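J.: The primary structure of each chain is shown beneath.
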Amino acid sequence: DTGVSQDPRHKITKRGQNVTFRCDPISEHNRLYWYRQTLGQGPEFLTYFQNEAQLEKSRLLSDRFSAERPKGSFSTLEIQRTEQGDSAMYLCASSFGSVADTQYFGPGTRLTVL
Amino acid sequence: DQQVKQNSPSLSVQEGRISILNCDYTNSMFDYFLWYKKYPAEGPTFLISISSIKDKNEDGRFTVFLNKSAKHLSLHIVPSQPGDSAVYFCAASISGTYKYIFGTGTRLKVLA
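As they're listed, the protein sequences go chains V and W. Everything in the first sequence is counted per the numbering used here, starting at 1 for the first residue and increasing by one. Everything in the second sequence is counted per the numbering used here, starting at 1001 for the first residue and increasing by one.
Treat the hints with care, as some may be off.
[Said to hold, decoys possible] Dumping the calculated DSS-like pairs for lysine-lysine here, alpha-carbon to alpha-carbon at most 25 Å: (1) V:K57 x V:K71; (2) W:K1005 x W:K1068; (3) W:K1109 x W:K1054; (4) W:K1109 x W:K1037; (5) V:K57 x V:K11; (6) V:K11 x W:K1109; (7) V:K57 x W:K1099; (8) W:K1099 x W:K1056; (9) V:K71 x W:K1099; (10) W:K1099 x W:K1054; (11) W:K1068 x W:K1054; (12) V:K57 x W:K1054.
Keep in mind that the hints were calculated from the coordinates and are not lab data. These numbers come from a predicted model, not from an experiment.
Build out the structure end to end from the sequences listed, making use of the hints.
T.: The following block contains the structure:
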């Protein structure tokens, strides 16, 4: 399967703990995106990378959130000192990099903060 | 400020009939629009897209219509099948910005 993969699929943590999620994009895609989806809402943009460069960050991405894409391939999203409001589905997407780009999404990581 | 709106949270259609899902947007700078389908516990799956230079795009049973003057797009599914039952999201983007703005989704139920 050459689609976007995310790990883990589910994560339950206690408030105050740190969590890290991984995303592996489609291999030939040079852009990678993170979105967050809460119940009853559509996905909300968090950040995106072109190769290893993080080019945009949403104001939703507080100082407790950090994302990396060290070699321009997989990416990690870390949340420090988790809060109950961080409970959501975290979605990763990738795209080839043309002007009118189509983003392809992974299955997501569902985070539950107790 | 919800720039992309899907005002119908749910829709039920008989198998074989047409499903029409609607989406409105407020930002006239949007020039690329997409529809995604989402099953529970899965990520959104790309269905079809349309650029603002066109007013219609077809792919099999799926057709997207864009009315720029009304800032409205719709997705037609003909004929509807039970496997189409899912949540459908429309998304909009401005070329060069690379982020999508999603609506809140419409849950489609196709009745056998």
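J.: Could you run down the list of hints and mark each one as holding or not?
T.: Here is how each hint holds up against the structure:
no.: 1; hint: V:K57 x V:K71; result: 19 Å, holds
no.: 2; hint: W:K1005 x W:K1068; result: 15 Å, holds
no.: 3; hint: W:K1109 x W:K1054; result: 29 Å, violated
no.: 4; hint: W:K1109 x W:K1037; result: 12 Å, holds
no.: 5; hint: V:K57 x V:K11; result: 23 Å, holds
no.: 6; hint: V:K11 x W:K1109; result: 30 Å, violated
no.: 7; hint: V:K57 x W:K1099; result: 10 Å, holds
no.: 8; hint: W:K1099 x W:K1056; result: 23 Å, holds
no.: 9; hint: V:K71 x W:K1099; result: 22 Å, holds
no.: 10; hint: W:K1099 x W:K1054; result: 21 Å, holds
no.: 11; hint: W:K1068 x W:K1054; result: 10 Å, holds
no.: 12; hint: V:K57 x W:K1054; result: 31 Å, violated
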